[in-house]
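Undergrad: Build the full structure now, drawing on both the sequences and the hints.
Going line by line, the protein sequences match chains A and B. The numbers in this note's numbering rise by one with no breaks, and the one at position 54 of the first sequence is 968. The numbers in this note's numbering rise by one with no breaks, and the one at position 165 of the second sequence is 1079.
A couple of the hints might just be wrong.
Identical chains share a label here; the pair holds if one copy fits it or two copies do between them.
Unchecked claim - Once the Cα atoms are required to be at most 27 Å apart in a straight line, the calculated DSS-like pairs of lysine-lysine come out as: (1) K943 <-> K1013; (2) K1062 <-> K976; (3) K1013 <-> K1227; (4) K952 <-> K1169; (5) K952 <-> K1177; (6) K1099 <-> K1019; (7) K1227 <-> K976.
Keep in mind the hints are simulated off the structure, nothing from the lab.
Here is how the chains run, residue by residue.
Protein chains: 2
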Amino acid sequence: MLKASKKPSKEKAQVRDKALKEALTPSSKLISFERGMKLDCGAHLPELNVAYETYGTLNADKSNAVLICHALTGDQYAASNNPVTGKLGWWLNMIGPGKPVDTEKYFVICVNVLGSCLGTTGPLSINPDTGRAYGVDLPVITIHDMVKAQNMLIDHLGIETLFAVIGGSMGGMQVLQWAASFPEKVFAAIPIATGAHHSPQNIAFNEVGRQAVMADPDWQGGRYMQEGVIPSKGLSVARMAAHITYLSEEGLQRKFGRNLQDKDAIGFSFDADFQIESYLHYQGMTFVDRFDANSYLYVTRAMDYFDLAADYKGVLGNAFMGTKTRFCLISFSSDWLFPTEESRTIIHALNAAGASVSFAEIETDKGHDSFLLDLPEMFDMVEGFLSSAARARGLE
Amino acid sequence: MLKASKKPSKEKAQVRDKALKEALTPSSKLISFERGMKLDCGAHLPELNVAYETYGTLNADKSNAVLICHALTGDQYAASNNPVTGKLGWWLNMIGPGKPVDTEKYFVICVNVLGSCLGTTGPLSINPDTGRAYGVDLPVITIHDMVKAQNMLIDHLGIETLFAVIGGSMGGMQVLQWAASFPEKVFAAIPIATGAHHSPQNIAFNEVGRQAVMADPDWQGGRYMQEGVIPSKGLSVARMAAHITYLSEEGLQRKFGRNLQDKDAIGFSFDADFQIESYLHYQGMTFVDRFDANSYLYVTRAMDYFDLAADYKGVLGNAFMGTKTRFCLISFSSDWLFPTEESRTIIHALNAAGASVSFAEIETDKGHDSFLLDLPEMFDMVEGFLSSAARARGLE
Chain A
915 MLKASKKPSK EKAQVRDKAL KEALTPSSKL ISFERGMKLD CGAHLPELNV AYETYGTLNA
975 DKSNAVLICH ALTGDQYAAS NNPVTGKLGW WLNMIGPGKP VDTEKYFVIC VNVLGSCLGT
1035 TGPLSINPDT GRAYGVDLPV ITIHDMVKAQ NMLIDHLGIE TLFAVIGGSM GGMQVLQWAA
1095 SFPEKVFAAI PIATGAHHSP QNIAFNEVGR QAVMADPDWQ GGRYMQEGVI PSKGLSVARM
1155 AAHITYLSEE GLQRKFGRNL QDKDAIGFSF DADFQIESYL HYQGMTFVDR FDANSYLYVT
1215 RAMDYFDLAA DYKGVLGNAF MGTKTRFCLI SFSSDWLFPT EESRTIIHAL NAAGASVSFA
1275 EIETDKGHDS FLLDLPEMFD MVEGFLSSAA RARGLE
Chain B
915 MLKASKKPSK EKAQVRDKAL KEALTPSSKL ISFERGMKLD CGAHLPELNV AYETYGTLNA
975 DKSNAVLICH ALTGDQYAAS NNPVTGKLGW WLNMIGPGKP VDTEKYFVIC VNVLGSCLGT
1035 TGPLSINPDT GRAYGVDLPV ITIHDMVKAQ NMLIDHLGIE TLFAVIGGSM GGMQVLQWAA
1095 SFPEKVFAAI PIATGAHHSP QNIAFNEVGR QAVMADPDWQ GGRYMQEGVI PSKGLSVARM
1155 AAHITYLSEE GLQRKFGRNL QDKDAIGFSF DADFQIESYL HYQGMTFVDR FDANSYLYVT
1215 RAMDYFDLAA DYKGVLGNAF MGTKTRFCLI SFSSDWLFPT EESRTIIHAL NAAGASVSFA
1275 EIETDKGHDS FLLDLPEMFD MVEGFLSSAA RARGLE
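TA: Okay, here's the thing in structure tokens:
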């Protein structure tokens, strides 16, 4: 059985809460919009906090800003140490001096998404109406809501047009939403390993994860924060299930095969005999230390609800009609969560809308998670596309 | 949140236990081997019960027996009503008078596998050493153990050679194990939608399911029977996760798409908005009523441990060297749990061993579960192969 935590749940909750608070050190950036914001569900969020990081320098005419949109369990620490985990930025191979998203040329902004748990308003935030954490009283949010919150920050920073918006997976959904909702504000868009809607299979996997969280008695109907506990076991199971979908069968075969973990023969038990089991246990356990269970519910739900065509009378091309944004799409051959076919659907729509589109399917056995990995073809594609766009934008 | 049960867990446990007991009505067949059996793990099972059903009539020279091997959560009621669920036999379209496995020609036997919960020895069985149900004190079993138990029944029935052994998924693993372990006893073998080992991705999904069960506090360290409860929520989550793997992405798209369940617009909540969510909830809930949680651990583990080549010095062909069994393999184009590639691996091994092999990959979007569905191409293939084998066996 998975030992999800050696520490008692309550102590673990305190350690985690402290780490999440420390995430907002003075070096982290936080802006509060006291006017709040109207959400797609109809509710009004009375106050909106937006936590973000920046890298590089905004030029005089504010034309070199690049917005990085993070994935489901990502965060704003794209190119700097995450203070909760102590780990390096999750896209450090993409963003930095001399990197494809070159911080010597561009001013890079990465925003913790609405509903998440690293400083931007989410279930752990204090509800000003009650003085207690929202928990599941936070209204359900959408990808469009996430983008509207990011747009409030961009406006606040006085940036009229983003040079580029870039993101993978759920980050790619935000890129598409930005291009559809604020076409005049997006000069170039790079949606990676994503789709214009969440497929039924993806909704199904998300629902399994949510049910695993909600089945944990420590979830306490979503009010676990008040009890000082965490639904660790349920959230671990959710993460394990999701993690399988981030990898490909070929990749699993190559990396793990049926190799045993620290033993010469199967143990005839329910402990982790196989390396793949140990690996999943580790993924589950470490996730619990860095992510809030209710945030997992909210952000997965936002993905499920994403269906860009539906917002444009069922015709995806309408979402981009007349757009001047130039697009670069990237997919990965072994990604079965967002297969290349979903990128092709977007390309057809962009073509129908007369948009400028580049596209590459990169051959790899590393599955959906490829966008986070060291893939020279991806870096070359992003760098080439951005350089060309920078020339067109007069940045070079 | 999933309402896994409207009845309290304890009452539900009693209803389920009663149903499982009634499954062994006088019409069901049960044989007890008081000598027990030696298991692959080294332990000796002190007593072995084998529950089975038969259809058709054994001929005078006992040459027309067909053994049907069931899948993970299947049972012996292949062509008769399941007394627990009241549902029709799970392979009623395959087995019966005039069906591909024609009960007017063949004597069909279907055995509840070792470790399951419909009468054959499993975690719900009474441990003669303690007088209480085994629970997780039952030694871990293997596919080979399942086949050895079936073989004891076949010997008991005085059948020297099975005319055919047929099964899909885990049933197919048993077919391969039969052909490898008892080649002289298997005239013809039909492994469907299966593989010669469990892949790391499949192990990963099984481990998620087991962790979901074991994370449920009602699992009680595997001793829930003594408390009169069931780990319903954990077992539901396990079943939901597994069920996704039984279907294909195309099939889900065609059957459910992003259709909403009994509503016109998304509900901005964590209830089941989408049809695919309701469908999975239903699969989870009904499963809990018919299957034992500990059996789920044991039978999934047996699948994980299956690696036929490993038992033959790493060379799969060795498992079939010199075999006279004639094989018919069937795979399904959209099956991603046991992709066609895994059937091809078996075919290469059979070719290397000089065996007689027929093979078809059937085009369908119905995924792994296709073997249970109404697929004329599959029925034609099975019927044709069996007729030809029957002529060779002198049965026609």
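Undergrad: With reference to the structure, classify each hint as holding or not holding.
TA: Status of each hint after checking the structure:
For the identical chains of this complex, K943 and K1013 are intra-copy neighbours only, at 23 Å inside a copy versus 70 Å across copies, given an alpha-carbon limit of 27 Å. Proximity of K1062 to K976 under the C-alpha cut-off of 27 Å is restricted to the intra-copy arrangement: shortest distance 20 Å within a copy versus 75 Å between copies. Proximity of K1013 and K1227 under a CA criterion of 27 Å is satisfied in neither setting, with 40 Å inside one chain copy and 49 Å between copies. Neither within a single protomer nor between protomers do K952 and K1169 lie at most 27 Å apart by alpha-carbon distance, with minima of 46 Å and 35 Å respectively.
Proximity of K952 to K1177 under the C-alpha cut-off of 27 Å is restricted to the inter-copy arrangement: shortest distance 24 Å between copies versus 56 Å within a copy. When the C-alpha separation of K1099 and K1019 is checked against a cutoff of 27 Å, the pair qualifies only within one copy, where the shortest distance is 19 Å, while the shortest distance between copies is 74 Å. Proximity of K1227 to K976 under the C-alpha cut-off of 27 Å is found in neither arrangement, the shortest distances being 35 Å within a copy and 67 Å between copies.
The structure fails to meet hints 3, 4 and 7 from the earlier list, while all remaining hints are met.
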